[in-house]
Amino acid sequence: MKIPWPLFLAWKQLFPTQRKVSFFSLLAVVGVALGLNVMIVVVAFMKGFQHKFKEDIIDAQGHARAIPLSRSKDWSKLQKELLSRSEILAVSPYLQGPLLVQKQDYQSVPLSIGIDLSSGPSVLPLDEFLKNGQQRMDAHDAVDVTPVPLSQNLQDDSVFISQYVANRLGVRPGAILRTGQSKSLTDPNLGVRVYAMDYQVPSAEWKLKYLGEGEWILRSIGLNFEEKLRPEGSILDAGPGTPVFEVMSDGMQPEIGAESIYQTFRSSTIEVFSPSMIQRAQANEMIPPKEVRIGGIFEVPWQGFHAESMIGSFRLLEDVRSVNGLCDGMFIKFSPEISTDEEKLHALCEELELPRSVNWAFVPWFVENAWFFDLLKFEEYLMILIMVPIGLVAAFAIAIALMTSVLRKIREIGLLVAMGGARVSVGSIFCLQGFLIGLLGAILGCGLALLFIHYRDAIMSFIVVRIAGDEGKTGVAQFYDFYSLSVPYPWESSESASTFLTFALFSILVSTLAGLIPAWRASRMNPADALRNE
Amino acid sequence: MLYAMNKSLALQASNLSKTFRLGAQELQVLQGINLSLPQSSSLSIRGESGCGKTTLLNLLARIEQADQGELTWGDRVMRCDRSASRDEVAHRASFLGVVYQAYYLIPEIDVLENVTLPAKISREFDASVQDRARSLLDQMGVGNRITQIPGKLSGGERQRVAIARALLNRPKVLLADEPTGNLDERTGEEVMNLLLRACSEEGTSLILVTHNLAFARATDRQTFLSEGRLNEV
Numbered sequence: 093m094k095i096p097w098p099l100f101l102a103w104k105q106l107f108p109t110q111r112k113v114s115f116f117s118l119l120a121v122v123g124v125a126l127g128l129n130v131m132i133v134v135v136a137f138m139k140g141f142q143h144k145f146k147e148d149i150i151d152a153q154g155h156a157r158a159i160p161l162s163r164s165k166d167w168s169k170l171q172k173e174l175l176s177r178s179e180i181l182a183v184s185p186y187l188q189g190p191l192l193v194q195k196q197d198y199q200s201v202p203l204s205i206g207i208d209l210s211s212g213p214s215v216l217p218l219d220e221f222l223k224n225g226q227q228r229m230d231a232h233d234a235v236d237v238t239p240v241p242l243s244q245n246l247q248d249d250s251v252f253i254s255q256y257v258a259n260r261l262g263v264r265p266g267a268i269l270r271t272g273q274s275k276s277l278t279d280p281n282l283g284v285r286v287y288a289m290d291y292q293v294p295s296a297e298w299k300l301k302y303l304g305e306g307e308w309i310l311r312s313i314g315l316n317f318e319e320k321l322r323p324e325g326s327i328l329d330a331g332p333g334t335p336v337f338e339v340m341s342d343g344m345q346p347e348i349g350a351e352s353i354y355q356t357f358r359s360s361t362i363e364v365f366s367p368s369m370i371q372r373a374q375a376n377e378m379i380p381p382k383e384v385r386i387g388g389i390f391e392v393p394w395q396g397f398h399a400e401s402m403i404g405s406f407r408l409l410e411d412v413r414s415v416n417g418l419c420d421g422m423f424i425k426f427s428p429e430i431s432t433d434e435e436k437l438h439a440l441c442e443e444l445e446l447p448r449s450v451n452w453a454f455v456p457w458f459v460e461n462a463w464f465f466d467l468l469k470f471e472e473y474l475m476i477l478i479m480v481p482i483g484l485v486a487a488f489a490i491a492i493a494l495m496t497s498v499l500r501k502i503r504e505i506g507l508l509v510a511m512g513g514a515r516v517s518v519g520s521i522f523c524l525q526g527f528l529i530g531l532l533g534a535i536l537g538c539g540l541a542l543l544f545i546h547y548r549d550a551i552m553s554f555i556v557v558r559i560a561g562d563e564g565k566t567g568v569a570q571f572y573d574f575y576s577l578s579v580p581y582p583w584e585s586s587e588s589a590s591t592f593l594t595f596a597l598f599s600i601l602v603s604t605l606a607g608l609i610p611a612w613r614a615s616r617m618n619p620a621d622a623l624r625n626e
Numbered sequence: 307m308l309y310a311m312n313k314s315l316a317l318q319a320s321n322l323s324k325t326f327r328l329g330a331q332e333l334q335v336l337q338g339i340n341l342s343l344p345q346s347s348s349l350s351i352r353g354e355s356g357c358g359k360t361t362l363l364n365l366l367a368r369i370e371q372a373d374q375g376e377l378t379w380g381d382r383v384m385r386c387d388r389s390a391s392r393d394e395v396a397h398r399a400s401f402l403g404v405v406y407q408a409y410y411l412i413p414e415i416d417v418l419e420n421v422t423l424p425a426k427i428s429r430e431f432d433a434s435v436q437d438r439a440r441s442l443l444d445q446m447g448v449g450n451r452i453t454q455i456p457g458k459l460s461g462g463e464r465q466r467v468a469i470a471r472a473l474l475n476r477p478k479v480l481l482a483d484e485p486t487g488n489l490d491e492r493t494g495e496e497v498m499n500l501l502l503r504a505c506s507e508e509g510t511s512l513i514l515v516t517h518n519l520a521f522a523r524a525t526d527r528q529t530f531l532s533e534g535r536l537n538e539v
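Protein chains in written order, with the numbering used here: chain A, 93 to 626; chain B, 307 to 539.
Don't take each hint at face value.
Claimed, not checked - A short list of chain B residues far from chain A (calculated; beta carbon distances all over 10 Å): (1) K426; (2) N488; (3) N499.
To be verified - Lysine-lysine pairs mimicking BS3-like chemistry, simulated, CA-CA at most 30 Å apart: (4) A:K436 x A:K139; (5) B:K458 x A:K165; (6) B:K478 x A:K94; (7) A:K144 x A:K425; (8) A:K469 x A:K320; (9) A:K146 x A:K320; (10) B:K478 x A:K112; (11) A:K223 x A:K165; (12) B:K458 x A:K94; (13) A:K425 x A:K165; (14) A:K169 x A:K565; (15) A:K94 x A:K425.
What the hints assert, rightly or not - Just a sample of chain B residues kept apart from chain A, beta carbon distances all over 10 Å, derived: (16) E354; (17) E370; (18) G380; (19) R398; (20) D416; (21) E419; (22) N450; (23) E495.
Simulated from the structure, these hints should not be mistaken for laboratory data. Even for Gly, the Cβ is constructed at its ideal location relative to N, Cα and C.
Let's have the full structure, built from the sequences with the hints guiding it.
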């Protein structure tokens with residue numbers, strides 16, 4: 093292949109024969125690569141945050157909310173109408189408002205959401221929220237084996253509360269500790285584990301013993317309870333108010349007489365008052381509060397979801413607030429074809445509003461939280477604005493180095509013209525050096541960015557441990573959850589590919605432009621004067 | 307003396323003048339130079355330092371603009387009071403070879419790459435060019451140094467490489483500006499013999515600028531530049 097001679101000389105000046113690389117080339121390429129790496133990584137992380145917040149928001153409030161603009165009782169009709177559309181997967185009504193909750197002398201006023209028990213879990217990932225909110229107890233000679241509460245724990249006489257409310261009131265959901273276990277049951281293939289525990293399990297000591305031939309016995313001496321059990325599938329369930337166990341037999345039988353001993357702690361109760369109940373109490377009317385049990389503690393990753401909050405059943409809030417037949421809105425979940433395309437989602441919401449524009453507003457998640465995403469976008473642009481001058485500083489350094497090279501090579505420039513080289517071609521040697529530095533820097537920078545994205549958790553952990561130590565790492569990760577940050581590779585997302593491509597082209601362009609002034613200077617040089625240069 | 311155009315002439319200069327302006331001061335270094343160089347012949351130019359020998363070579367190579375005069379490369383006639391056109395620059399790559407006192411080899415590329423560079427510039431680079439470059443380097447006695455970079459060669463070796471480079475495109479005319487000026491007497495003599503022999507074998511006309519009388523005498527014609535005028539000796 094015939095390489096144009098200016099490109100050949102540009103390459104050779106950067107990577108001379110018999111030397112692997114010149115010091116200037118190495119510094120220039122690494123400089124461009126580091127600058128590009130920083131730009132790509134910062135923007136990729138910002139987009140990762142945007143993506144994570146988007147998922148968190150959708151988890152917390154669905155793809156859109158239908159909000160009644162006036163009090164009306166036609167929501168169930170609308171719910172059916174919406175569900176009849178193929179683009180809508182689930183619709184769940186909710187009631188929402190502040191309630192006063194109390195445990196002895198401790199009080200809290202959480203924002204309370206009442207969700208429909210049948211349709212709510214199909215819109216809100218309650219099990220995920222409960223998993224996030226679970227905390228383990230530390231106990232001497234005992235292991236906290238409390239399973240993550242299930243969304244089925246939410247009934248008309250139970251609630252899920254946020255950690256903030258739990259801490260304020262000093263309440264907790266039910267817990268179960270394992271205080272003893274036969275050695276043969278510690279084998280992960282033969283052991284038993286607590287599968288589920290509903291909020292009605294009382295405080296007691298439980299013994300689960302293997303009787304042989306697949307039969308178990310569950311006893312609670314304090315409760316005067318005893319029941320022989322055989323696993324259904326792998327589940328040992330003695331009915332409501334008892335812990336449910338899972339047997340991991342793996343085709344083998346445990347030793348006869350092997351047993352596990354557990355201690356359960358009943359979930360706390362709290363009293364719930366509505367504002368109207370308080371008003372009536374102030375008028376000396378005796379209204380008994382509603383007593384409910386704590387079914388679980390939840391944590392919603394989206395910070396916009398109130399920290400002081402409570403989730404109860406729709407009927408519980410209806411009952412406490414005495415608002416029969418009304419709802420404060422409906423969470424809507426759309427099919428992936430609509431939910432992944434913001435334009436389509438927006439258009440569909442507008443279409444849904446049209447025939448009932450007076451009564452209902454349909455608000456997509458990105459409209460409701462536009463302020464937040466505008467803020468993130470602003471932050472992203474600000475970062476770019478700060479980083480672009482850093483890239484330009486690298487370009488200035490390249491320009492100065494190339495200009496020095498022109499001054500050092502004045503007689504060679506004269507010679508090339510004397511040998512018949514066109515001035516433009518001679519000048520382009522320096523411009524091409526800038527281009528090559530930019531190109532190699534872009535390749536290396538993209539590679540570094542890919543490595544950074546691949547090892548982001550390890551790198552962030554390393555930095556966080558250096559700053560906050562091993563203990564502080566958990567706290568930092570709770571506030572700044574980089575572990576769950578999704579940063580796609582360019583081959584996984586067109587947005588990521590566009591980020592890589594845009595910044596790589598920017599680096600190449602800026603480096604090439606940095607070579608333009610030296611190139612112009614070289615091309616304007618009089619060859620005779622250049623050859624006379626001492 | 308003005309020479310009439312002749313088919314057998316490789317290069318002809320008519321009435322070339324050059325004045326350098328240093329502020330208000332004017333220094334006329336060349337006054338109405340006439341010169342003709344038949345094909346496959348050689349001509350030497352001697353003169354005191356600063357008399358304008360290199361300037362004359364620059365005018366003949368069209369890398370410097372004259373005040374007036376006309377220049378003919380083979381059958382191409384050019385006015386010298388304007389800078390070289392793109393076409394003339396491109397033609398220079400194949401018509402002229404230039405050898406300088408200071409060699410001017412490109413330090414980042416090896417000997418073979420330096421020698422083949424004129425072919426790359428004139429876009430005549432192909433597989434045969436490498437063979438010719440090797441043959442010229444063998445002829446110059448540096449065939450065993452083709453993979454070396456210029457920094458590892460002696461002064462004499464560098465000048466041999468520079469001569470091979472100047473001859474690569476089979477130029478009609480070779481301009482040599484004090485090619486032995488940086489070399490010791492013995493090496494200079496060797497290099498000069500190689501240069502004259504190569505030009506003779508290649509059929510290339512030679513204009514040699516030198517201070518050395520013996521080298522000047524080795525050319526077909528000797529001239530002396532003094533007070534801006536070129537006189538045949």
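Going down the list of hints, with the structure as the test:
Against chain A, the non-interface label of K426 (chain B) is violated: not every CB pair exceeds 10 Å, the least being about 4 Å. Non-interface call for N488 (chain B) relative to chain A: holds, since the shortest CB-CB distance, roughly 14 Å, exceeds 10 Å. Taking the minimum C-beta to C-beta distance to chain A, about 24 Å, the non-interface status of N499 (chain B) holds against the 10 Å cut. Restraint check: the Cα-Cα separation between K436 (chain A) and K139 (chain A) comes to about 21 Å, which is no more than 30 Å; the hinted pair holds.
A distance of roughly 95 Å separates the Cα atoms of K458 (chain B) and K165 (chain A); the hinted pair therefore is violated under the 30 Å criterion. Of the pairs offered as hints, the one joining K478 (chain B) and K94 (chain A) holds, with about 26 Å between alpha carbons and a cut-off of 30 Å not exceeded. Using a Cα cut-off of 30 Å, the hinted pair K144 (chain A) and K425 (chain A) holds, with the two alpha carbons roughly 18 Å apart. Restraint check for K469 (chain A) and K320 (chain A): not satisfied, since their Cα atoms lie roughly 62 Å apart, outside the 30 Å limit.
A C-alpha spacing of about 49 Å is found between K146 (chain A) and K320 (chain A), which places the hinted pair above 30 Å, so the restraint is violated. Taking the CA atoms of K478 (chain B) and K112 (chain A), the gap is near 39 Å; set against the 30 Å cutoff, the hint is violated. In summary, the hint linking K223 (chain A) to K165 (chain A) is not supported, as the alpha carbons are separated by about 35 Å, beyond the 30 Å threshold. Of the pairs offered as hints, the one joining K458 (chain B) and K94 (chain A) holds, with about 28 Å between alpha carbons and a cut-off of 30 Å not exceeded.
Proposed proximity of K425 (chain A) and K165 (chain A) is supported: the alpha carbons are some 21 Å apart, at most 30 Å. Only pairs whose Cα atoms come within 30 Å are accepted, and K169 (chain A) paired with K565 (chain A) is rejected, the gap being roughly 50 Å. Between K94 (chain A) and K425 (chain A) the CA atoms are separated by roughly 60 Å; this puts the pair beyond 30 Å, and the hint is violated. With a cut of 10 Å on Cβ distances, E354 (chain B) stays outside the contact zone with chain A, its closest approach being about 17 Å.
Distance check on E370 (chain B): its Cβ comes as close as 4 Å (rounded) to a Cβ of chain A, failing to clear the 10 Å threshold; non-interface status is violated. With a least beta-carbon separation of about 15 Å from chain A, G380 (chain B) lies farther than 10 Å from that chain, consistent with its non-interface assignment. At roughly 5 Å, the least C-beta separation between R398 (chain B) and chain A is not larger than 10 Å, which violates its mark as non-interface. Some Cβ of chain A comes within 10 Å of the Cβ of D416 (chain B); the nearest lies about 5 Å off, and the non-interface call is violated.
A beta-carbon of chain A is positioned within 10 Å of the beta-carbon of E419 (chain B); the least distance is around 7 Å. In this structure N450 (chain B) is separated from chain A by more than 10 Å, as the shortest Cβ-Cβ distance comes to about 16 Å. The Cβ of E495 (chain B) sits about 25 Å from the closest Cβ of chain A, beyond the 10 Å cut-off, so the non-interface label holds.
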